[in-house]
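Colleague: Listed here are the chains, written in short residue letters.
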Amino acid sequence: MARPAKRDARKPLFFATFALVLLFAALPTATVLAIGMAPTLAALIVDVTPGRYLAKCVAGMNFAGVVPFLHRLWSTGHDLHGALETVTDIFVIFIMYASAGLGWLLFFGFPSAVATCRSLNAKRRIYFLREKQKTLLEEWGECILPPGMAVDGQDAGDKDFDPEAAADGAQLQKAGG
Amino acid sequence: MADDIQNKDPGSAQATGGLEIVVGGNYHVLAGERMPGLDLGKVKAYAVRDDRTPRENLFARICPPDAMPRMSSIGAVRNLTETNLMRPLDYDTVKWPGIEGHCTALIYKQPAHEALMKPDATTINAMHPDEITRCVLGPAILTLGYMAQRSLTHRAIRPDNIYWDGLLKTSIILGDCLSTGPAMLQPVLFESIESGMTPPIGRGPGTIADDFYALGVTTLILSTGRVPLQGLTPDEIIREKLKHGSFSALMEGERPPFGLRELLRGLLSDDSYNRWGLEQLEQWRSDGQRSSVQEVRTGAVPRSYKFDGKDYSNYRLLADAFGRDMKKAATAIADPQFDEWLRRGLNDHVLADRIKSILHFGSDSKNSGRPGASQVSRVCMLLDPYGPIRAKGVVAMPTGLGNVLSDAFIRNDTSAIDAVRNCLTDGAGADWYRLKGDTETVIYQQEINQFDRMQQFLANKSLGYGIERCLYVLDPHHACRSRIVKGEHVGEARDLLPALEQVAKRTGELSPVVDRHLIAYIVTRFKINIDRQLASLENDPDDDLAVKLAMLTICARIQTKHGPMELPALTAWFARQVEPAVNRINSRSFREQMRKRVRALATGGNLFKLHACLSNDKAFRQDDNARKKAAREFALAAKEIAQLESQEFRDSAQRSGWKIASGMSTSVSFLTVFFVAFG
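If you read the protein sequences in the order shown, they are chains X and W.
Heads up, the first sequence is in our numbering, so the first residue is 1 and it goes up one at a time.
Heads up, the second sequence is in our numbering, so the first residue is 1 and it goes up one at a time.
Honestly, the hints are just simulated from the structure, not real lab data.
Source: prediction; values computed, not measured.
Be careful, since some hints might not be right.
[To be verified] The calculated lysine-lysine pairs, modelled on DSBU-like cross-linking and capped at a C-alpha distance of 30 Å, are:
id, chain 1, residue 1, chain 2, residue 2
1, W, Lys629, X, Lys123
2, W, Lys618, X, Lys132
3, W, Lys629, X, Lys132
[What the hints assert, rightly or not] On the chain X side, residues computed to face chain W include the following (Cβ under 7 Å):
id, residue
4, Lys56
5, Val67
6, Leu106
7, Pro111
8, Ala115
9, Arg118
10, Ile126
11, Leu136
12, Trp140
13, Cys143
We put the CB at the ideal spot given by N, CA and C, even for glycine.
Same shape as in the complex, but just chain X (with noise of 0.2 Å):
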């Protein structure tokens, strides 16, 4: 456990050291980057889902907006005038924000469309399963529930033994237990 902790600890740290290198070293890249990269921080910060799923939805799209203008700054010499001009460009600023904003509308819609994709999944399990234990109950009646579900008056031989019924109190005493 002292491990992951410390890693945690020094990630920031690893960052930091990165954006200071990059900052004296790249300094026309860093000012794309910082800029262009803006939308990705923010995510950073209100993201508060567990693995931190929007920061890197936000995060791969956006650096795929930046990319193609850092290509452009590398091949044109750069330079901190170039980097300015990139970052002052409405149009630049806008391909960037937008893949940012579509790394948004993916962290927001697609687990919906998967969940959908699974519920249906789901409930047709759910029918295939709840057939397969009327078809069990039909058979052998209450004996197989588990212990506490037998309803009263009911046995093995009960002509009135209701599979459907005693099925589903055994999924309310699952969902119950």
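Given chain X, put chain W in place with the hints provided.
Modeller: Structure of chain W alone, referenced to chain X:
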């Protein structure tokens, strides 16, 4: 069973309405044609017609249940073809009008001539000793010899039960010895002292020595032409025999006929070990050998002992008196004067010491140290070792206890049953043999073991034990007394299931399913191990289904072993009763299948198949295993459903979405880098 009752000519019949009862398929017992001359006490004789041999004179003796016919000897006696013995041609159990319960009908050929003496006669023409030897003793000894070889005893040898035989009356045949219990009709005169002291019902089969004694008395009567000791009561006859010895008492001071003196001395010896047997009789017949038998006055003492106001100069008589009044006997035995009399009057210190030890170890604390009935009984045994068991309420020979118990049950005499129960519980039967000494203990080990078993049976209160078990063990031919088969006769083991079948057919049910008599009868008569079923009956007496299943198992095993193979009414009833047992099966489809099978078997009449169907352990095990598997599957399904419906599942869907989204985002960024770098 011979219960085919046909209505004959109504005009010829009297009290019994001209009924004919068929025995053995051929012998028509004419209920309206009595033959009182051949009656034996309460056993009445009737004419018999056999259509195969209409000229043959036959008769039947109808033995009511309390006559205690000797069922165990009938088969063996029927096979004694070479003997001068009245043998039954056939026998069966019949319902006889006017008699409650089932009677045993014995078919005999009528004797060719009259009996040697009429039943109530006191005198006859004296026979010459040679004629007695040739016509009476010869055939009688031969017959008794054959009987002894088969461990049979006659126990009914007396002049009015011996018939002349042959055209010229040159021989005799010994009369019926089966219609009543052993020696039940024998007057005390014809019985040895110890047997005479015993009530007729408790005399037991005895030994051949008892038959020789009776033969001796018969010979004496035939040779002297008069019945000795006339006008005396049975007790007085015993007293006379003890006082003078049997030979002298019966001779009444007269000289024995020439040539018969030694024979009579030998046969009438009161010491059964010295009494003449087959060997001596054969020797006597062949060469007239006269081995001298000294007359012994058994039990005589020089100094009398006063008990209950009477002087007793014979300790066998004293034992008899003790047995008649045990309370007074207990007081007398505890009195030091009794010990003094034993040591000085009897001069038998060994006996005195043995009695002292019995009193010392077994005094009854409830009676402030006074000996209990058990100790009095043991003292009687020591005083009269060959006399009967004298217990509280019971006087019987050990081999006669079965008859006493049977008689008590037949009469529904609970006090008599209790008396026998107490006697057996007390171990009096085994002690009767043990107290005689080491040799007798070894010889009679089998009998001792049997009485020890009786004690164990009585100590166990479970079904299949108790006094009912003792009854069926001690009387191997006692009919089953279970109220379940009331109205049916279950004399032999093989009759039980047919009787239950009849009950089921007649009443449509067996109610109750078990009782103590039925189980005791089954346990005794059928050599099958039903301990598991007994335990089931014992543990769940209120579980009707368990009881019926146990009974089905027992009946099925009996049917397999003894038949009959078809018992439709009983099988149908059992099938109806035990059908709920299929509910033990968990699988609905298997249960229905089994229910159909049980219903199909109900009409088949085979209890074994029904039982096998309901006790198929392999199928039940498979069903149980399948149920467990189904329960597991059900539980797993429930678990999975709960999982799919849980918040956690929804959360995990969201997490998955985020993961995929972050993965896509990262991929896009990498792809962009790739295209920008290499595009």
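Colleague: Given X:Cys143 as an interface hint, is the shortest Cβ-Cβ distance to chain W below 7 Å?
Modeller: 5 Å, holds
Colleague: Against chain W, run the beta carbon of X:Leu106 and see if the smallest gap drops under 7 Å.
Modeller: 4 Å, holds
Colleague: Can you confirm whether the C-alpha distance between W:Lys629 and X:Lys123 stays at or below 30 Å?
Modeller: 25 Å, holds
Colleague: For the hint on X:Lys56, does the least C-beta distance to chain W fall short of 7 Å?
Modeller: This interface hint holds because 4 Å falls under the 7 Å limit.
Colleague: Just to be careful: measuring from the Cβ of X:Ala115 to every Cβ in chain W, is the smallest value less than 7 Å?
Modeller: 4 Å, holds
Colleague: Hint check: is the beta carbon of X:Val67 less than 7 Å from a beta carbon of chain W?
Modeller: 5 Å, holds
Colleague: Is W:Lys629 close enough to X:Lys132, meaning Cα to Cα at most 30 Å?
Modeller: Status holds; Cα separation ~13 Å.
Colleague: With 7 Å as the cut and Cβ atoms as the points, is X:Trp140 at the interface with chain W?
Modeller: Constraint on X:Trp140 satisfied, holds at 5 Å.
Colleague: Does X:Lys132 lie within 30 Å of W:Lys618 when you go C-alpha to C-alpha?
Modeller: 27 Å, holds
Colleague: Any CB of chain W closer than 7 Å to the CB of X:Ile126?
Modeller: 5 Å, holds
Colleague: May I ask you to test the interface hint for X:Pro111 with respect to chain W, counting a Cβ-Cβ separation under 7 Å as satisfied?
Modeller: Because about 3 Å separates X:Pro111 from the closest Cβ in chain W, which is inside the 7 Å limit, the hint holds.
Colleague: Would the stated hint for X:Leu136 survive a check requiring a Cβ distance to chain W of less than 7 Å?
Modeller: 5 Å, holds
Consistency with the previously given hints is maintained throughout, with no hint failing.
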